[in-house]
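Asker: We have chain H already, so just place chain V on it with the hints.
Same order as they appear, the protein sequences are chains H and V.
Every letter in the first sequence is one number past the one before it in the UniProt record's numbering, and letter 95, counting from 1, is 95.
Every letter in the second sequence is one number past the one before it in the UniProt record's numbering, and letter 81, counting from 1, is 81.
Treat the hints with care, since some could be wrong.
It does not matter which identical chain is used: a pair holds within one copy or between any two.
Said to hold, decoys possible - Calculated pairs, EDC-like style, for lysine to aspartate or glutamate (alpha carbon to alpha carbon, straight line, at most 16 Å): (1) Lys11 / Asp155; (2) Lys12 / Glu142; (3) Lys88 / Glu143; (4) Lys11 / Glu42; (5) Lys12 / Asp155; (6) Lys63 / Glu97.
Since the hints were derived computationally from the structure, they do not count as laboratory data.
As the structure is a computational prediction, the values presented were derived from the model and not from experiment.
These are the residues of each chain, in order.
2 protein chains.
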Amino acid sequence: MKYGVVLFPSKKLQDTANSYRKRYDSRYALIPPHITVKEQFETSTDELETLIPTFRDIAHKLKPITINVTKISSFSPANNTVYLKVEKNDDLKTLYEHLHSGPLAQEVEYSYIPHITIGQNLSDDEHLDVYSQLKLVDVNHEEVIDRFHLLYQLDNGSWTVYETFRFGHE
Amino acid sequence: MKYGVVLFPSKKLQDTANSYRKRYDSRYALIPPHITVKEQFETSTDELETLIPTFRDIAHKLKPITINVTKISSFSPANNTVYLKVEKNDDLKTLYEHLHSGPLAQEVEYSYIPHITIGQNLSDDEHLDVYSQLKLVDVNHEEVIDRFHLLYQLDNGSWTVYETFRFGHE
Numbered sequence: 001m002k003y004g005v006v007l008f009p010s011k012k013l014q015d016t017a018n019s020y021r022k023r024y025d026s027r028y029a030l031i032p033p034h035i036t037v038k039e040q041f042e043t044s045t046d047e048l049e050t051l052i053p054t055f056r057d058i059a060h061k062l063k064p065i066t067i068n069v070t071k072i073s074s075f076s077p078a079n080n081t082v083y084l085k086v087e088k089n090d091d092l093k094t095l096y097e098h099l100h101s102g103p104l105a106q107e108v109e110y111s112y113i114p115h116i117t118i119g120q121n122l123s124d125d126e127h128l129d130v131y132s133q134l135k136l137v138d139v140n141h142e143e144v145i146d147r148f149h150l151l152y153q154l155d156n157g158s159w160t161v162y163e164t165f166r167f168g169h170e
Numbered sequence: 001m002k003y004g005v006v007l008f009p010s011k012k013l014q015d016t017a018n019s020y021r022k023r024y025d026s027r028y029a030l031i032p033p034h035i036t037v038k039e040q041f042e043t044s045t046d047e048l049e050t051l052i053p054t055f056r057d058i059a060h061k062l063k064p065i066t067i068n069v070t071k072i073s074s075f076s077p078a079n080n081t082v083y084l085k086v087e088k089n090d091d092l093k094t095l096y097e098h099l100h101s102g103p104l105a106q107e108v109e110y111s112y113i114p115h116i117t118i119g120q121n122l123s124d125d126e127h128l129d130v131y132s133q134l135k136l137v138d139v140n141h142e143e144v145i146d147r148f149h150l151l152y153q154l155d156n157g158s159w160t161v162y163e164t165f166r167f168g169h170e
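So here's chain H without its partners, still in its complex pose (with noise of 0.2 Å):
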């Protein structure tokens, strides 16, 4: 089974990644607005049943998180994602080296940017269209996050929460 570890931020933040992703992201019904934290790993339920104490570990010895989401972005020219910027800072990447160590070691493709996807599958077009007015949306929030989320995919793409696990919490 495929799983993958997100933040979802508030309610507030999700409404309005969500008010740009029903028109812009191809992937809007499948997955709440999240923040990765854990890229998609492989693995069977059984295997993964032996991993939950190493991520209550994690969540137990972190604390909540404060993120700053600052700008919308894009990884254009590597692909035409747009995103909400999310600040990196030393905890969430505190939390994603725990997560992407010991028996969470994972080869991983690309250096993690923390980010929002609020855009995707664009065509050039529509992502130099998109781009240039989403980049000069005012964009200042900032909020305390305190659990993050295992889930897995199903068929059709979209994803399952399998387990909720607070930061501070045994």
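Answerer: Relative to the frame of chain H, chain V by itself:
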């Protein structure tokens, strides 16, 4: 904010349900296949946090629940919802009662019929057509569900998981 509590069945059962929902369920994109165990309720985020210990106690007190899916049924003539019938058993009844009493008490309009919706908002003609075929499908599935999920609704009508509670865990 609007909240609700559901069981997510196994990936296998969710994939089966989605194969129907894709065609017949207007709410297909808003939430994964699920068994509602607490009706929608409205509360503030602060208020909700005071209820979390109650949800935790309920999970801790109860054991994983065996569900049996026995056929495809319909709420017609009450409405044109078609669903995978989940046999009502003592464990489901107990969970439902716990989730609707004490600090979680709320008025409910209907008696509890556990089910996984696979079609809704069908016209009478569509319903007649769809249900006359689906009621012949041979369904016979048993599985154990070891957790429930508390969700909240976004402005676009979709649901995000707030927290997971495992049966038998503190």
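Asker: Of all the hints numbered above, which does this structure not satisfy? Sort the numbers upward.
Answerer: none
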